[in-house]
Amino acid sequence: MPLWFARGIRRGIVTTHYPARPERSAAGLPTPPAFRAASIDAALADRLTAVCPSQALHRDGAALIFDVGRCTACGRCQEAAPWAVTPSGEFELAATSRAHLVKQIRLAAGEDR
Amino acid sequence: MTALQPVPPGTVASLLGVTGGELIRDGGGAVTVQVPAARLEAAVHHLAAAGARLADLFAADGEQVMLRLVWGLHAERRYLITQTPLGSAEYPPLSDIAPAAFVEECEIYEQFGVRPVGGKPLNRVALPPHAGPDFPRLGHQPLQAPQEAHAPHAVGGQAFEFPFGPVRQAGVESLYYGLVTSGEEIVDLYLFTWHKHRGVEWRMQGRSPGEAIFLAERVEGLSAVGVTWSLAAAVEAALGVEPPPAAQLTRAIALELERLYNHAAALAALCQATGLAVGQAAAEIALELLLRVNAAAFGHRYLFGVIDAGGVRRAPDPAALRGGLPSAYGELRRAADALLATNSFMDRLEATGILTAEQARRLGLVGPVARACGVPIDSRLDQPPAPYAAHPPALAVREAGDVLARLRVMLDEAADSVRLIRHLLDAGAGTGTAPLPATRGSGLGWAESPRGEALAWVGLDDAGRITRARLRPASVRNWRGFDDAARSQNVFTDIPIIEASFWLTVAGTAR
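Chains A and B are the protein sequences, given in the same order.
If you count the first sequence from 1, position 29 lands on 28 in numbering that gives the first Met the number 0, and the numbers rise without skipping.
If you count the second sequence from 1, position 397 lands on 396 in numbering that gives the first Met the number 0, and the numbers rise without skipping.
Same shape as in the complex, but just chain A (with noise of 0.2 Å):
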């Protein structure tokens, strides 16, 4: 036992001081996408809903309803349409509210169908 106290203490803190400093290994992890308005009409809206396996996305009229806390961050939409859809880098996703956690993303694209 003494040995393995004098081995704790020769490792010393291997944790990060998070969130006072950022943690860099969080860079390469998947996150949920950003959508960019502009690209995405009606149809384009349609395609992504129907690829997430979640049910994260769904269109309502001329609007994207994206539910963050539905969202696996697997990057199927991403894959559907990278011009579109980017990864968002945001991985702090507490929020006071579920409401919060949902977000209206308005279609600029094309016409509602």
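No wet-lab data here; the hints were simulated from the structure.
Quantities reported herein were computed from a predicted structural model and do not represent experimental measurements.
Glycine included, every Cβ here is placed at the ideal spot set by N, Cα and C.
Do not rely on the hints blindly, as some may be mistaken.
[Stated by the list, open to error] Some residues of chain B that are not near chain A, with every Cβ distance over 12 Å (derived):
#1 L15
#2 G28
#3 H45
#4 D60
#5 Q63
#6 R67
#7 H139
#8 Q157
#9 E283
#10 L288
#11 G304
#12 L338
#13 A340
#14 H390
#15 R418
#16 V490
[What the hints assert, rightly or not] Chain B is faced by these chain A residues, among others (derived, beta-carbon under 8 Å):
#17 R6
#18 G7
#19 V13
#20 Y17
#21 A19
#22 L28
#23 P29
#24 C70
[Claimed, not checked] One side only, chain A facing chain B, incomplete, derived with CB under 10 Å:
#25 F4
#26 P21
#27 S24
#28 G27
#29 T48
#30 V67
#31 R69
#32 T71
#33 A72
#34 C73
#35 R75
#36 E78
#37 W82
#38 A107
Since the structure of chain A is already known, use the hints to place chain B on it.
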């Protein structure tokens, strides 16, 4: 009828003779034979006597319930599937011949309402007690509810039942232990695993293979690659599709990375169970480094999103693997070497939770748990998927069957995984997906997950959508050995150590 070559005595060819069965399909490492219900018992006797390993048993609904048994034919290096349409609500008591069938007999009763003849009590396995007529199930509700397999609270005057769970310590899956004890020694132990049932097989019905892969990753998150590879391989076998060679290499790299981080996590759990906090921290540092290697190589710490039906969705980053893996594995090796030289740690592992080779065979155990009992089964060698035929792993086997033997098997495998990853990278791992035709078919797939052989079987309709998906992760098999291991001269405080050495998931078995 297609000629079968080679034909060792006692297996497929002689089975057809014994049962009057019909060869349905032969190819892709699996052969399917139709066996009439009246000859099913004779077929199981014949195969069990010939040394075939009963790997799975499941049913599918239709005009008649179809019963399928999956056998590992090690001499022939392939699987045999017998399928039997049941004309009635009963079938022969298969677990009387092959005891490994019992859990599946219970599961089939819960889901389809058909049962073995003889009226033996069948336990509740996956569906919760409140599963009424409207509860989603794959077939029909049984006429009588399954029973709870537990002892009364007072057993034999001195022993009593100590209920533990399903909510246990922080971060541990829901699992109910019924511990029957006379004070400290474990007299009996039973488990309730249905708290985590999510109906994943039911949810896959009507879905495309691509949609099902997303669900399969969540059956047992710690075996995301193993389970999804088995499902993808089943779909590919059903449709006659071959993934690109570079994608097959990528699958194997991801699977070996999954094995590495799981074995590191098991080592950390063993340290926690033995109260060695610094050892736990050392193993968890190695685990964290391995997870970061996963993220750098494949974009996900737990390797989700790698496997796709027909190939892979991501290729590994060779520089990240070549740069990060040696140091991460070195960290694991240093922690393991120090632990193996620590008497207080070794004393807790040695002769704890012993299983014999006979128990492992009888219960149909797989993976490191079986190999630590001297049972040399590894689907990477016995029925090798494409990349492993050219890059075979070194079989890690120990004889003692205790916790220490299981740990040594895992450490040997971790070392071999690092070697394999290097060779697979050199061979040219890459990305690519073969297109999937939208046609009818059925097929079996398998992969050697960190916990052992993961099996999947799918049936597809004319549009290529899933009519029945059977997922059998290794956890489904190995939990049935846990109570035997816990009973073998152990005390309460040994249970977390035994559980860590099995390194199973409840999610995988309840799915």
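Cross-check of the supplied hints:
no., hint, verdict
1, L15, "42 Å, holds"
2, G28, "29 Å, holds"
3, H45, "44 Å, holds"
4, D60, "25 Å, holds"
5, Q63, "33 Å, holds"
6, R67, "28 Å, holds"
7, H139, "29 Å, holds"
8, Q157, "37 Å, holds"
9, E283, "10 Å, violated"
10, L288, "10 Å, violated"
11, G304, "6 Å, violated"
12, L338, "9 Å, violated"
13, A340, "9 Å, violated"
14, H390, "27 Å, holds"
15, R418, "25 Å, holds"
16, V490, "22 Å, holds"
17, R6, "6 Å, holds"
18, G7, "4 Å, holds"
19, V13, "6 Å, holds"
20, Y17, "13 Å, violated"
21, A19, "19 Å, violated"
22, L28, "6 Å, holds"
23, P29, "6 Å, holds"
24, C70, "13 Å, violated"
25, F4, "7 Å, holds"
26, P21, "15 Å, violated"
27, S24, "5 Å, holds"
28, G27, "5 Å, holds"
29, T48, "14 Å, violated"
30, V67, "18 Å, violated"
31, R69, "13 Å, violated"
32, T71, "8 Å, holds"
33, A72, "9 Å, holds"
34, C73, "6 Å, holds"
35, R75, "8 Å, holds"
36, E78, "8 Å, holds"
37, W82, "19 Å, violated"
38, A107, "30 Å, violated"
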